[in-house]
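Engineer: Sequence order for the protein chains is A, Z, W and Y.
Sequential numbering from 333 applies to the first sequence in this note's numbering.
Sequential numbering from 333 applies to the second sequence in this note's numbering.
Sequential numbering from 333 applies to the third sequence in this note's numbering.
Sequential numbering from 333 applies to the fourth sequence in this note's numbering.
Copies of the same chain look alike in the list, so a pair counts if it works inside one copy or between any two.
Lysine-lysine pairs mimicking DSS-like chemistry, simulated, CA-CA at most 30 Å apart:
no. : residue 1 : residue 2
1   : Lys553    : Lys339
2   : Lys495    : Lys643
3   : Lys441    : Lys417
4   : Lys553    : Lys495
5   : Lys643    : Lys441
6   : Lys417    : Lys551
7   : Lys605    : Lys643
8   : Lys643    : Lys417
9   : Lys605    : Lys339
10  : Lys605    : Lys417
11  : Lys551    : Lys495
12  : Lys417    : Lys495
13  : Lys599    : Lys635
By construction, these hints were calculated from the structure, which means they are not laboratory data.
Each chain, written out:
Protein chains: 4
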Amino acid sequence: MSKYSFKYDFSEGCHPRILEALTRSNSEQQGGYGTDEYSRQAKELLRAKMNRPNADIYFVSGGTQANLIVISAILHTFEAVVSAKTGHIQQHEAGAIEATGHRIETIEKADGKLTTADIQPVLDRYFPPHTIKPKMVYLTHSTELGTIYTKSELQAIWELCQKNDLYLYIDGARIGAALCAENSDLSLEDLAAMCDVFYIGGTKNGALLGEAIVINNEKLKVGFESNIKQRGGLLAKGRLLGIQFLELFRDDLFFELARHANRMAQKIRIALKAHNILLISESPTNQLFAAMPNPLIEKLSEKYDFYTFYKYDAERSVVRLVTSWTTEEAVVEQFIEDLTKMIS
Amino acid sequence: MSKYSFKYDFSEGCHPRILEALTRSNSEQQGGYGTDEYSRQAKELLRAKMNRPNADIYFVSGGTQANLIVISAILHTFEAVVSAKTGHIQQHEAGAIEATGHRIETIEKADGKLTTADIQPVLDRYFPPHTIKPKMVYLTHSTELGTIYTKSELQAIWELCQKNDLYLYIDGARIGAALCAENSDLSLEDLAAMCDVFYIGGTKNGALLGEAIVINNEKLKVGFESNIKQRGGLLAKGRLLGIQFLELFRDDLFFELARHANRMAQKIRIALKAHNILLISESPTNQLFAAMPNPLIEKLSEKYDFYTFYKYDAERSVVRLVTSWTTEEAVVEQFIEDLTKMIS
Amino acid sequence: MSKYSFKYDFSEGCHPRILEALTRSNSEQQGGYGTDEYSRQAKELLRAKMNRPNADIYFVSGGTQANLIVISAILHTFEAVVSAKTGHIQQHEAGAIEATGHRIETIEKADGKLTTADIQPVLDRYFPPHTIKPKMVYLTHSTELGTIYTKSELQAIWELCQKNDLYLYIDGARIGAALCAENSDLSLEDLAAMCDVFYIGGTKNGALLGEAIVINNEKLKVGFESNIKQRGGLLAKGRLLGIQFLELFRDDLFFELARHANRMAQKIRIALKAHNILLISESPTNQLFAAMPNPLIEKLSEKYDFYTFYKYDAERSVVRLVTSWTTEEAVVEQFIEDLTKMIS
Amino acid sequence: MSKYSFKYDFSEGCHPRILEALTRSNSEQQGGYGTDEYSRQAKELLRAKMNRPNADIYFVSGGTQANLIVISAILHTFEAVVSAKTGHIQQHEAGAIEATGHRIETIEKADGKLTTADIQPVLDRYFPPHTIKPKMVYLTHSTELGTIYTKSELQAIWELCQKNDLYLYIDGARIGAALCAENSDLSLEDLAAMCDVFYIGGTKNGALLGEAIVINNEKLKVGFESNIKQRGGLLAKGRLLGIQFLELFRDDLFFELARHANRMAQKIRIALKAHNILLISESPTNQLFAAMPNPLIEKLSEKYDFYTFYKYDAERSVVRLVTSWTTEEAVVEQFIEDLTKMIS
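Let's have the full structure, built from the sequences with the hints guiding it.
Structural biologist: Pasting the structure below:
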């Protein structure tokens, strides 16, 4: 792989401190299935950081797994989840939610963000027993277009959910990037207080693997671990997940990594704008979506790896550029230089 | 955790060579979702070692996950899997198979092993459309009682399956221990040639996590990866699994680790027999099941950690003792010495 | 079909009064999906007869449908239903319950009846998160072996369920026969007061089709009709079901029909006993299970149609003889006469 | 119910000939679960009428049931069905398809009809293993907007399906109305030859209940009846369905009834057009969708019952008017007269 990849934020291994922690603890005997001391400590730490002393926390190995476990655990057989059409559960999970028996009610949104005005009509259309009941709102933060929710936007959705007896679930696969965006006015504590359940993504922010599901709602806590086991999500060596979250959160590492990824992307964003390349969404996070001229894409592809998603118009296609916790600034500068040369 | 644990074969981290390999490769960029170079190499290596050049191989993170993915991918909605009642899918997976829509037809077997004589009556009872169709046989090797299949036993089941158009699936969570048992006459190559699909368990033989699903049957190959994704089993950083299997199989390490675990258990087994402690099954592998007097269990529990499964009779209960790739011989000897003292 | 059939209790059409009621109402316009006047009246009538003014009642078209709708509506994904191994959901429904994602925990019972002593050990074995949670007890009344529960037996199970936070569900496919058995001390009102949900079987007691699901538990009422619709159980012309239940219950017809069926079977039972034919179960209802000599079965089969279920020993097999609301007494007498001749 | 209802085509009972046939056969003993003589004859008759001598035919009790049984029997776990967004499975079945584990990929179509140009982009977007595989096309004929497919339109879709290894399934809940529309150039025989599976709707064309699933594709035939049983669709008294289809098809009755319903609707349609009332779709069948001024809807509602579906603009809402096999011509004329008066 001689090209530098902006394809994912999980091209590399993990932050070196994680490998060190794994090595340090390797020969210790620990309880299985998440009963280990590291998982216990990591959960305590997260509860403290979020100021959610009563939250139940479970570590699982990936985002699709987290989504299907949470959604199938919460919804009754005749209930549906509401999502933007761009939502990860709709676009990138091979029908994982439907495979557990539930429909996703989708809403077209160019920026990937739901608003209360989007959700209300879905509720209004409910016509029992002929239609399925919308019972959960699914948000991603940051979204699949790199955009983020403001505190007041999230607050409004949370209030709508409470008023209408809907669950609010936030997919935080890239929650680090979202919370650390320059213009974000939401803290982890804020977000944790305004939903029934969410997850903190480790895989896309420096862990080998691992997402931390945080449950606030008492009703959702019952039997949740059985559901994890039943869906194949309970790792025998749960320490592998506990150790990583402990390492990422025992100081500010998780947020530092996310800030770095954002900073790298924003450097590229400024360059794209300077060259009048159309950005499909206004992303302050580590994913950029740009409609580039096809010949430029071809030239960039010789040196760099990235996804070209779809045709934008006759001359342009939409590419995604992703930076990560470990993207080197020098490479970003080289990319910008290359881009400038190729354009001029 | 000051007691020494014989509770699982996954109390410790992983073989040090795995951590070294992870560290060595950590900063490299690799393709996501199993498209990395390490996964590619590990698959090639396994195909060569098994002499199955056309096998499809996929790495997933745990045994329950492997089982539910394989079984749900293969069976039609109205088809069932046949298993010993002791089978892992029946006893320890929280209803994972039923959650994908399929019944497990169970057969009571004291030693955990199915025979053709057990399976035939299940086939004979099939009465469509009122009963569910048995379409797959599920074996575990080694079984949940530590026992193993001989070559001719497996051969007979494989022939029955082919004759009756049944799929044969072997759960190899402890396949290392099974293949390396002293009296085993089955090689990995033998086993791989006598089933439609099986998996090689890494988690219980030195890996941090990881099982390698091996598919022989052409019909089962279609769309299999989609099913992995749909069930939440496709790791973003698939390299984590590829690197581990590459390390375990690039020389004889996988089998060395299993042989060590078996040798440690067999030392204990000899001691138990010497003390006339009843063994519930004749296990040549790394799990022992013994009906011990309750006071002895209490005394042993002060120094050692292990599962006490159920009451055997008024005076005795059944305990499980598990050794692993990293169980220290000195500890085993101390355990035997302690046992001897406690008994006398 | 020149042989007389004792194969089912649904070989004939329906009670003539039902056809008359259908004909009488045929040209009226009525609301669809169970909103018709007849369904409304039938529900009112049933509530009054059972003295359950707050019960929710829904009509569906068959027993398997009722079972899968009730069980899937009530259980969470990680919860199981406990049943005798002879239970209809285990033996005759092609995996319908598992297809909705739930395991059936089975208990071997020669007479088809569960007791509190059978259920308790299943509860004791619950070991979360590794095993599935038993959350519902499923009884059939009468059972698949024709046996029935006494008031005190049902009371004991109901108390166990309440104490252990289990749902109690009674499959009443043959509830008429059960309640009208000579030795029954349970009334419909009694039974309706001692469970969370049950159904009254019409198909096997004179209706063309139709079962009435009765829900007591408030929690189970939420969204139940959506589940019926989702499982394909909501008939457009719900009047077809309402009219039949109204006809069967507007006087004592339902119970008269059941009493007749029982009386016909009991005549046969006395004859079988007189000839020292082994009865597999002590059935006071309309199904008899007898281990008959194979040559006798062959001879009877020339004139009569019935199920031969399985080999009992070298000389005998088990047959099922079923009588119905419309079995003619003269035919029963002829059968007994033929039997006597064939034996002597 | 003093208002005349144009709400459904299932407000009344059934065609009198059906009640006569039920009465005539009522006391006969017949085999259960669809093994009766009437079902056998009805299937033979349908095969002959369709010129599909090798088709497998099964009778079930309703449209949602037919849809969920067919789709769940055919699709693998990771496969999806493609439908117009207006499709019955998407709009009116409470998530029945998703409850069996499958996604519906929807396409927005104002007239409810899919074209090859609509389907191709869905196929092009397939990106395994991240997205779900479109594997079946679902059409309704007539559609939920009353529109119908021409022979060449269906032919084109059928060819696309065959070329792309997709199954084609036609929901014929209102197939009678579709085939008997004045401008229809498709015969039952034509349609039966251009799909893998379809069903003939009885419930909405004169039966008490009942749909006939017709399977052409050999692969789909395997185990299909088990799936019916598993989903609760196998009626004990299958004769109830066989007798009805025999009666509807032993002469031209089925088509006569449909023609009548269409003729009644078309009279209304002409009147609506004469009054310049906007028709939402060009329906030649028995359902009309009209955007009527709200005061007119209010006035009509005093005498007639019908669905008002949604707001069209500030002044108008969309109503559905449905005629049936038994709609009286005098009532239709009265309705037109009332309409004319109310408008002027």
